[in-house]
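Colleague: Sequence:
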Amino acid sequence: MKNRHHTLTISLLLITSIAVAQGVHAGTDANSWQMKRLMQPSRNDLQREQQDRVVIYHGLTDKAVATAMSRHFDRIEHMMFTGTVVTDDNGDAALDPETGEEITEDDGCD
Numbered sequence: 021m022k023n024r025h026h027t028l029t030i031s032l033l034l035i036t037s038i039a040v041a042q043g044v045h046a047g048t049d050a051n052s053w054q055m056k057r058l059m060q061p062s063r064n065d066l067q068r069e070q071q072d073r074v075v076i077y078h079g080l081t082d083k084a085v086a087t088a089m090s091r092h093f094d095r096i097e098h099m100m101f102t103g104t105v106v107t108d109d110n111g112d113a114a115l116d117p118e119t120g121e122e123i124t125e126d127d128g129c130d
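In this note's numbering, the protein residues as written are 21 to 130.
Please note that the accuracy of each hint is not assured.
Have a look at the derived ranges for each label pair, beta carbon to beta carbon [claimed, not checked]:
no., residue 1, residue 2, range
1, Ala114, Ser62, 31 to 37 Å
2, Glu118, His92, 31 to 37 Å
3, Asp94, Thr119, 36 to 42 Å
4, Ser62, Asn110, 30 to 36 Å
Treat the hints as calculated values from the structure; they're not laboratory data. Glycine included, C-beta positions come from ideal geometry on N, C-alpha and C.
Build out the structure end to end from the sequences listed, making use of the hints.
Modeller: Encoded structure:
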């Protein structure tokens, strides 16, 4: 269990670093690999989940996360969300009034 925690932590840091470096923002773009993997996983994706694989999704909107949690509740233990973008009633990213940057949920992963 300890090794799994370390592997997840290292994976999270690596993916977050890559996403930040590339300025990735997946939102709800149906063409993004994250949304396809999350909402329409392949047979291989589901098999990997059955082997206790966890996929880290970064930069999705809060609405996309809520939809995934609702539609795919049976797979929730294989999902981790970081950098979740807070949206307004229209589905647009909420902006910090002081910085103008998108507001993201605090995922507790500093």
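Colleague: So the hint says 30 to 36 Å: do the beta-carbon atoms of Ser62 and Asn110 match that?
Modeller: holds (32 Å)
Colleague: Given a hinted range of 31 to 37 Å, is it respected by the beta-carbon distance of Ala114 and Ser62?
Modeller: holds (33 Å)
Colleague: Note whether the CB distance of Glu118 and His92 lies within 31 to 37 Å or breaks it.
Modeller: With a Cβ separation near 36 Å, Glu118 and His92 satisfy 31 to 37 Å, so the hint holds.
Colleague: Is it true that the C-beta distance of Asp94 to Thr119 lies inside 36 to 42 Å, as the hint says?
Modeller: holds (38 Å)
Against the hints set out earlier in the document, no violation occurs for any number.
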